[in-house]
Amino acid sequence: MLWIALYFPALSLDWIERRFPEALIPAIGVTVRKGNQICIQQANKPAQARGVMAGQPLASALAVFPDLVIMEQDPREEGKALQQAVYAALRFTPNIAVQNNGLIAEVSGSLKLFGSLKKLCQSLNRVVTAQGLQLSAGIAPTATAAWLLARSAQQGTVINGKGEEFRILLDALPVGLLESAQPHLEVIRGIGCKTLADLRRLPRSGVARRFGPDLPVELDRAYGDSPDPQKWFEAPEDFQQKIKMMGLIENAELLLVPAQRMVEQMCGWLALRHAAVSAFSFVLHHEYSLRQPHKFTSVNIRLSEQSSDPAHLMLLLREHLERTKIVAPVCELELTADEIAAGADGNLELFPTVQSGTTSLNRFIEKLSSRLGPEAITGLKVISDHRPEYSQRLELSGTGGLNCFSKREANSQIIPPESPRPAWLMKIPLELKVQRGRPVYESPLKLLAGPERIEAGWWDEVAVARDYFIAENNQGQLLWIYREHNPVEKDKGNKGGNWYLQGLFG
Amino acid sequence: MPASPPSGSPAPLSLSQIETRFRNRIWRGDALGASDDPVISSGFQGLDKELPGGGWPTRNLTELLLPTEGLGEIRLLSYALEEITRSERNILLIAPPYIPYMHAWEHLGIDGRHIVMVRACKPAERLWTLEQGIRSAAFGTIIGWLPEASQQATRKLQILSRTAASLVFLFRPARARFEPSAAPLRILLSPVRGHSHTLSLYLLKRRGAPFVLPIRIPLPQAAVFSRSAELKSPPIHSYC
Numbered sequence: 001m002l003w004i005a006l007y008f009p010a011l012s013l014d015w016i017e018r019r020f021p022e023a024l025i026p027a028i029g030v031t032v033r034k035g036n037q038i039c040i041q042q043a044n045k046p047a048q049a050r051g052v053m054a055g056q057p058l059a060s061a062l063a064v065f066p067d068l069v070i071m072e073q074d075p076r077e078e079g080k081a082l083q084q085a086v087y088a089a090l091r092f093t094p095n096i097a098v099q100n101n102g103l104i105a106e107v108s109g110s111l112k113l114f115g116s117l118k119k120l121c122q123s124l125n126r127v128v129t130a131q132g133l134q135l136s137a138g139i140a141p142t143a144t145a146a147w148l149l150a151r152s153a154q155q156g157t158v159i160n161g162k163g164e165e166f167r168i169l170l171d172a173l174p175v176g177l178l179e180s181a182q183p184h185l186e187v188i189r190g191i192g193c194k195t196l197a198d199l200r201r202l203p204r205s206g207v208a209r210r211f212g213p214d215l216p217v218e219l220d221r222a223y224g225d226s227p228d229p230q231k232w233f234e235a236p237e238d239f240q241q242k243i244k245m246m247g248l249i250e251n252a253e254l255l256l257v258p259a260q261r262m263v264e265q266m267c268g269w270l271a272l273r274h275a276a277v278s279a280f281s282f283v284l285h286h287e288y289s290l291r292q293p294h295k296f297t298s299v300n301i302r303l304s305e306q307s308s309d310p311a312h313l314m315l316l317l318r319e320h321l322e323r324t325k326i327v328a329p330v331c332e333l334e335l336t337a338d339e340i341a342a343g344a345d346g347n348l349e350l351f352p353t354v355q356s357g358t359t360s361l362n363r364f365i366e367k368l369s370s371r372l373g374p375e376a377i378t379g380l381k382v383i384s385d386h387r388p389e390y391s392q393r394l395e396l397s398g399t400g401g402l403n404c405f406s407k408r409e410a411n412s413q414i415i416p417p418e419s420p421r422p423a424w425l426m427k428i429p430l431e432l433k434v435q436r437g438r439p440v441y442e443s444p445l446k447l448l449a450g451p452e453r454i455e456a457g458w459w460d461e462v463a464v465a466r467d468y469f470i471a472e473n474n475q476g477q478l479l480w481i482y483r484e485h486n487p488v489e490k491d492k493g494n495k496g497g498n499w500y501l502q503g504l505f506g
Numbered sequence: 001m002p003a004s005p006p007s008g009s010p011a012p013l014s015l016s017q018i019e020t021r022f023r024n025r026i027w028r029g030d031a032l033g034a035s036d037d038p039v040i041s042s043g044f045q046g047l048d049k050e051l052p053g054g055g056w057p058t059r060n061l062t063e064l065l066l067p068t069e070g071l072g073e074i075r076l077l078s079y080a081l082e083e084i085t086r087s088e089r090n091i092l093l094i095a096p097p098y099i100p101y102m103h104a105w106e107h108l109g110i111d112g113r114h115i116v117m118v119r120a121c122k123p124a125e126r127l128w129t130l131e132q133g134i135r136s137a138a139f140g141t142i143i144g145w146l147p148e149a150s151q152q153a154t155r156k157l158q159i160l161s162r163t164a165a166s167l168v169f170l171f172r173p174a175r176a177r178f179e180p181s182a183a184p185l186r187i188l189l190s191p192v193r194g195h196s197h198t199l200s201l202y203l204l205k206r207r208g209a210p211f212v213l214p215i216r217i218p219l220p221q222a223a224v225f226s227r228s229a230e231l232k233s234p235p236i237h238s239y240c
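If you read the protein sequences in the order shown, they are chains A and B.
Each residue of the first sequence is one higher than the one before, counting from 1 in full-length UniProt numbering.
Each residue of the second sequence is one higher than the one before, counting from 1 in full-length UniProt numbering.
Calculated directly from the structure, the hints in this document are not laboratory data.
The reader is advised that the hints may include incorrect statements.
[What the hints assert, rightly or not] Chain B side only, calculated, beta carbon under 7 angstroms to chain A, not exhaustive:
#1 Glu69
#2 Gly70
#3 Glu73
#4 Tyr101
#5 Met102
#6 Met117
#7 Arg119
#8 Pro123
#9 Ala124
#10 Ala137
#11 Ile159
#12 His195
#13 Ser196
[Unchecked claim] Cut-off 30 angstroms, straight-line C-alpha distance, at most; resulting in silico cross-link-like pairs (DSBU-like, lysine-lysine):
#14 B/Lys122 - A/Lys427
#15 A/Lys231 - A/Lys118
#16 B/Lys156 - B/Lys122
#17 B/Lys49 - B/Lys122
#18 A/Lys325 - B/Lys122
#19 A/Lys244 - A/Lys80
#20 A/Lys295 - A/Lys325
#21 A/Lys80 - A/Lys231
#22 A/Lys381 - B/Lys122
Quick caveat: nothing in here was measured; it's all calculated off a predicted structure.
Glycine included, each C-beta is placed from N, C-alpha and C at the ideal position.
Could you put the whole structure together from the sequences, leaning on the hints where they help?
Following this line, the structure appears as C-alpha cells:
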C-alpha cells in the first residue's frame with residue numbers, strides 16, 4: 001500500500017479566498033470564538049502584511065487594520081471545499097479517505113497509469129492546488145504515517161517517506177501531531193517526551209494506562225504494526241456542484257477559473273464511476289433584483305461523443321461561454337452532469353488506430369462547431385442523381401453523418417467514369433455572357449468536348465435538360481459549362497438557350 | 001590563473017568525419033535535400049524525382065501557388081489523396097472556393113466519405129481551423145485556402161506541422177510568390193498553353209538545390225476527356 005496524504009492548513013481561509021477573482025482578494029481574517037473572546041484564527045497574506053496575526057483578539061486586529069474583512073469560521077463551507085478537493089482528486093485514485101482538513105489517497109494502483117509516484121504526486125498536487133487550496137503532502141506506506149508527515153510538512157512541500165524511510169521520518173515528528181495525545185500534551189511534554197521516538201521508548205502498558213489505549217494504537221497504525229482500516233469517500237449518484245461568488249461578475253473571463261475547478265471536480269466524479277459525460281449544463285445564476293427579470297442563464301452543452309477529459313470539456317465550455325451574453329451580474333455558478341454514458345476511455349494506444357482517429361475527429365468537430373457554429377463543418381454525401389445540384393448533400397456534423405461512416409454505396413457510381421466531371425461546382429450556375437455566339441468567362445471560351453446531354457428530374461419540380469461542354473479559356477482554366485436545351489424553343493428557330501458555368505476542373 | 005588545456009583534447013575533425021558524424025543534420029547545398037520525414041508519393045515520376053525525399057512531405061507545410069482555380073490542382077493531388085483515403089484517414093478541406101463535386105472526386109479514386117469540409121470566412125478563423133486541424137490526429141491531409149497569410153502565420157503553421165504526421169497543403173494565389181513564407185516547399189502551378197491536361201510546376205523553394213525549369217506533368221484522366229471529345233452525338237442520361 002502506498003498513501004499520499006494532503007493536508008490543507010489554511011482551509012478555513014482558502015474557501016473564502018477562492019470565491020474572489022484572483023486579482024481582487026482583500027485582506028481577510030477568519031475569526032473563532034474562544035471563551036467570551038473572539039480571536040483571529042487565520043489571516044491571509046494581505047492581512048498579515050498589514051499586521052494582522054493569527055491568535056490576535058479581534059479588537060486589536062481591527063485596531064491595526066480597520067478595513068479587514070472578517071469571516072467567522074464555517075465548518076460547513078470548509079467541509080464543502082474539502083469535498084470538492086476530494087472530487088478533483090478522485091481522478092487519480094478511487095480510494096480516498098476524508099480527514100479533518102485533509103484527505104488520504106491510496107495510490108498503489110495508480111502508479112503505472114500516471115507514470116511514476118513522482119509524476120502522480122505532482123499532478124495530484126497540481127489538480128488540488130488548482131481548486132484554490134494550499135496544501136502540504138506526505139507519502140508513506142501507511143495511511144496514518146502519510147497523514148502525520150503531511151501535517152508536519154511545510155506548506156507547499158512534500159515529505160516522501162516511501163519504503164522503510166518513513167519510520168525514521170516518523171521518529172523525529174513532534175508528539176503534538178498525534179490525535180489521541182491532544183488531551184495529555186502537557187503531561188507528555190512534562191515527562192520529557194518530545195518526539196514519537198521518545199514516546200515509543202516508554203513501556204507500552206504504562207502509556208496505555210496513563211494516556212488511554214488509543215495512543216499506542218495510533219502509534220502502531222502509523223508505524224504499520226497494526227492494521228489501519230479507512231473509511232472510503234463515497235460519491236453520490238449524480239453530479240451537481242454550485243460555487244457561490246463573492247463578487248458580482250460580469251466578465252466571462254473571470255468565470256473561467258471557477259468553471260475550470262468545477263469541470264475538474266466533475267471529471268474526478270466521472271473517473272470514479274468509470275463514466276463519461278455526454279451532456280452537461282453550466283448555469284449562471286444572477287443576483288436577484290426586481291429590475292431585471294433574468295434569474296439565470298443556462299449553457300447547455302451536448303457532446304457528439306462522451307468524454308471525461310477535463311481539457312476537452314473545458315475547451316467546449318470556454319467556447320460556449322465566449323458566445324454567451326452575460327445579461328446580468330453573476331453571483332453563483334452551477335455545473336450539472338445531465339447525461340452520463342459508460343466511459344469509453346481509450347487504452348493507451350501505441351499506434352494511432354481508426355478508433356482513435358474517429359475519436360479525434362469527433363473532438364475536432366466539437367471544437368469547431370462550438371466556435372464557428374454547427375453548420376460550418378460538413379461532410380458530403382453522394383446521391384444517385386445525374387443533376388449536379390442534386391447529386392450530393394451537405395451533411396451536418398451534428399446529425400451523425402460524419403460520426404459513422406456509412407458503407408460506400410455501390411450506386412454512387414451511376415455516373416460512369418468515362419464522362420468527365422469537374423472537381424469544383426459553383427453554388428449556383430453562373431450565367432455567361434455571349435460574344436459573337438461564343439460564351440465568355442474571363443475570355444471567350446473554346447469548346448473542347450461535348451455535348452453531353454443530361455436530362456433528368458422530370459419526376460420532381462426541377463426538371464433539367466442541358467447540353468454540357470468542356471471549355472477552356474485564355475487563363476488555362478478548364479470549365480464545365482452547359483446550354484439549356486429546349487426542344488420547343490429550338491423548333492422556333494432559336495438556337496439553344498443561355499450558357500451557364502457550372503463547374504471547374506480542379 | 002588560466003586553466004591548462006586538458007591533456008587529451010580531441011584533434012580537430014576533418015570535414016568528412018564531421019559529415020559522417022552528423023549525417024542527418026547536415027545537408028550540402030548542392031544536393032537535393034533528404035529528410036527523415038515520411039513522404040507520400042505524388043504519383044508523378046517527374047515530380048517525385050525533384051521533391052526532397054521523393055514525394056509530398058508529411059510533417060511539413062507545402063504551399064501551392066495557384067493563379068486561378070480550375071487548372072487541375074485537385075488532379076495534381078489526387079494520387080496522394082487516394083492513398084490517404086485508402087488507409088482510412090480523413091481529408092480536411094478548409095474554406096474551399098467552390099463546392100467539391102464528390103462524383104468527380106470519386107472518379108479520381110478519392111473516397112468521399114472521408115472528406116470533411118469547413119466553411120470559414122474570416123482569415124483568423126481559417127488560420128485557427130488550420131491549426132486545430134493540424135493538431136488533431138484525425139486527418140491524413142489538411143488542405144487550406146488562404147488568400148492572405150502573414151509570414152508569422154505560415155511560420156506558426158510550419159512549426160505546428162512538424163508535430164503532425166499529416167500532409168498540409170496551402171493553396172495561395174500566385175501573387176503570394178513574392179511574399180516570404182516559412183513553408184519549406186513552395187510550388188507555383190501554371191497551365192501549359194495548348195495542352196489542357198498538362199500542368200507545369202515551378203519549384204520556387206525546396207530543400208536542396210533550387211530547380212529553375214518547370215516540371216511538366218500530365219494530369220490523370222486526360223484520356224477520359226479526349227474520349228468524350230470524340231463523342232459527337234450527345235449521350236443521354238435520363239430516366240425517360
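Given the hinted pair A/Lys381 and B/Lys122, is their alpha-carbon gap at most 30 angstroms?
Satisfied, since the Cα-Cα distance of roughly 26 angstroms is no more than 30 angstroms.
Can you confirm whether the C-alpha distance between B/Lys122 and A/Lys427 stays at or below 30 angstroms?
Judged against 30 angstroms, a Cα distance of about 19 angstroms means the pair holds.
Does the interface hint hold: is B/Met102 within less than 7 angstroms of chain A, judged Cβ to Cβ?
5 angstroms, holds
Hint check: is the beta carbon of B/Ala124 less than 7 angstroms from a beta carbon of chain A?
11 angstroms, violated
CA of B/Lys49 to CA of B/Lys122, is that 30 angstroms or under?
37 angstroms, violated
Next item in the hint list is B/Ser196. Is there a CB on chain A closer than 7 angstroms to its CB?
Result: holds, 5 angstroms to nearest chain A Cβ.
Go through the hint on B/Met117 and say holds or violated, using the shortest Cβ distance to chain A against 7 angstroms.
This interface hint holds because 5 angstroms falls under the 7 angstroms limit.
Is the hint on B/Tyr101 kept, meaning its closest Cβ partner in chain A is under 7 angstroms away?
4 angstroms, holds
Holds or violated: is the Cβ of B/Ile159 closer than 7 angstroms to a Cβ in chain A?
Interface hint status for B/Ile159: violated (20 angstroms vs cutoff 7 angstroms).
Proposed proximity, A/Lys80 with A/Lys244 (alpha carbon, max 30 angstroms)
12 angstroms, holds
Interface restraint verdict for B/Arg119 against chain A (beta-carbon cut-off 7 angstroms):
B/Arg119 check passes; min Cβ-Cβ to chain A is 5 angstroms, inside 7 angstroms.
A/Lys325 and B/Lys122 were given as a pair; does the straight-line alpha-carbon distance stay at or below 30 angstroms?
22 angstroms, holds
Comparing the model with each numbered hint stated earlier shows that hints 8, 9, 11, 12, 17 do not hold.
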